[in-house]
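**Student:** Given next are the chains, with one letter for each unit.
There are 2 protein chains.
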Amino acid sequence: MTKPDLLIHTAFKLFYEQGIHAVGINTILNETGVAKKTLYHHFSSKEALVEAVLKYRDHIFMDWLTSRMLAAGEGKAAVLAIFDALDDWFHNQVPELLPFKGCFFVKANGEFSNHAVNALCLRHKHNITSFIQANLVNSTSALHAAELAQSISVLKEGAIAQAYVAGDLEAAKRAKAMAVALLG
Amino acid sequence: MTKPDLLIHTAFKLFYEQGIHAVGINTILNETGVAKKTLYHHFSSKEALVEAVLKYRDHIFMDWLTSRMLAAGEGKAAVLAIFDALDDWFHNQVPELLPFKGCFFVKANGEFSNHAVNALCLRHKHNITSFIQANLVNSTSALHAAELAQSISVLKEGAIAQAYVAGDLEAAKRAKAMAVALLG
DNA sequence: AACAAGAGAGACCGATTGGTCTACTTATAG
DNA sequence: CTATAAGTAGACCAATCGGTCTCTCTTGTT
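Residue numbers (this note's numbering), protein chains in the order written: chain A, 1 to 184; chain B, 1 to 184.
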């Protein structure tokens, strides 16, 4: 594993567990054993590292989610597979996402305002909604598919938040039941 | 307004806008004009102030939500009124909650781990779910009311997260439609 | 009038923050 | 062989963090 990848990987783990502002550069350096000079050779600032971490997580998460959806088929079946995937995540059955601690993008978004971080979080959420919409567009009108995708996103966000903050690990199952009713 | 109240009120505003770790004690002092000695006379530490701010927001939010629910009637009507209230909040029609910037408890929870803050956030969420359940217990069995209250909470959390992170200000209307189908 | 308490201004503290710099070691490629 | 780049160790920097302390002024109580 290259030094930049090691830094990103470790920084993500610490940021995800403790929050971005709560983790200092020196903590990441100690954890990785990388020299400070090396970090600043690859990243111009902590902010640049944070943005790299967000893109890294976006990549990991999207790959996982889309492959779970594609494996379930097409259309509504793929959309409903989201909630089975979330259920596995909540119960720590998805090693590549690390032990469940809520949505990293929601947490990161809450720590900044009017910042590049917010734009990256927004883009991540839009990408997911767009992918959902693409899976619904053959079953109904484009307009309706867009509306449905937004509603499915509400259920997905709700399940994650409820599982994390309220500790309701079965939230994905409830969300799936509502999604089934919604998609008919 | 007493000094402690002024500090709590101002600290909340800053924490809500910028995040808890991102706002230092001195910023709060400058904003309020209160002396550092006075702050530490009333609060033993920043952590103590943070906890006071969480309890303050819990009080404001619960008062607002429960009064909106009670004004709409009882049972399912009260539960569905949650989503009308959220819609007003998202569109900044609720001055006492300040301009909408997501759920303060979700944000605060994300900045700490294994901390008194997390326990306060959990309690806040449980209080709301319990109040929802109390409004459903006359319409159905106690067991079913508990399940329904959890599902309604998923919709509520989803609407807030989606409105804030993805900027979908109509999320409450979508959530309400799903709640109607659920309670149907 | 006397006095204790509350509050303000702000100097000061050690620790930590993000970030720079020098000096030295490795490793790879022409 | 040599030149260039990557990496290490860690001293160092100004700024800021949360928190303490002294000194002064004001306020209300008796």
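I should point out that these hints are in silico values taken from the structure, not numbers from a laboratory. The reader is advised that the hints may include incorrect statements.
Identical copies look the same in the list; a pair holds intra-copy or inter-copy alike.
Claimed, not checked - Derived lysine to any residue pairs resembling SDA-like cross-links, with alpha carbons at most 25 Å apart: (1) K3 <-> H91; (2) K176 <-> D87; (3) K36 <-> F100; (4) K37 <-> R68; (5) K55 <-> G184; (6) K46 <-> T129; (7) K36 <-> G73; (8) K37 <-> M62; (9) K13 <-> A142; (10) K13 <-> D88; (11) K76 <-> H9; (12) K13 <-> V94; (13) K3 <-> A81; (14) K55 <-> T140; (15) K36 <-> K76; (16) K101 <-> N127; (17) K3 <-> A77; (18) K37 <-> A78; (19) K37 <-> K101; (20) K173 <-> E51; (21) K46 <-> F112; (22) K37 <-> T140; (23) K173 <-> A142; (24) K36 <-> G102; (25) K173 <-> S141; (26) K46 <-> S139; (27) K76 <-> S44; (28) K37 <-> E170.
Computed from a prediction, not measured in an experiment: that's the story for all the values here.
**Student:** Are the CA atoms of K176 and D87 at most 25 Å apart within a copy, between copies, both, or neither?
**Tutor:** For K176 and D87, both the intra-copy (10 Å) and inter-copy (24 Å) Cα distances are at most 25 Å.
**Student:** Quick one: K3 to A81, C-alpha cut-off 25 Å, is that within a copy, between copies, both, or neither?
**Tutor:** Intra 36 Å, inter 53 Å, cutoff 25 Å: neither.
**Student:** Pop the pair K55 and G184 into one bin, within, between, both or neither, using alpha-carbon distances up to 25 Å.
**Tutor:** neither (35 Å within a copy, 42 Å between copies)
**Student:** As a check of your reading, is K37 near R68 (CA-CA no more than 25 Å) within one copy, between copies, both or neither?
**Tutor:** neither (40 Å within a copy, 56 Å between copies)
**Student:** Given a CA cutoff of 25 Å, do K37 and K101 count as a within-copy pair, a between-copy pair, both, or neither?
**Tutor:** neither (31 Å within a copy, 38 Å between copies)
**Student:** Have a look at K36 and G73 and pick one of within, between, both or neither, based on CA distance no larger than 25 Å.
**Tutor:** neither (47 Å within a copy, 61 Å between copies)
**Student:** Reference check for the pair K13 and V94, CA-CA at most 25 Å: within, between, both, or neither?
**Tutor:** within (15 Å within a copy, 37 Å between copies)
**Student:** Taking 25 Å as the upper bound on the Cα-Cα distance, should K37 and M62 be classified as within, between, both, or neither?
**Tutor:** Result: close neither inside a copy nor across copies, 32 Å intra and 50 Å inter.
**Student:** Taking 25 Å as the upper bound on the Cα-Cα distance, should K46 and S139 be classified as within, between, both, or neither?
**Tutor:** neither (45 Å within a copy, 54 Å between copies)
**Student:** At 25 Å max between alpha carbons, let me know whether K3 reaches A77 within a copy, between copies, both or neither.
**Tutor:** neither (40 Å within a copy, 57 Å between copies)
**Student:** Reference check for the pair K76 and S44, CA-CA at most 25 Å: within, between, both, or neither?
**Tutor:** Neither. Shortest intra-copy (44 Å) and inter-copy (55 Å) distances fail the 25 Å Cα cut-off.
**Student:** For the identical chains here, do K13 and A142 meet the 25 Å Cα criterion within one copy, between copies, both, or neither?
**Tutor:** neither (39 Å within a copy, 41 Å between copies)
In this structure, the hints that do not hold are numbers 1, 3, 4, 5, 6, 7, 8, 9, 11, 13, 14, 15, 17, 18, 19, 20, 22, 24, 26, 27 and 28, in rising order.
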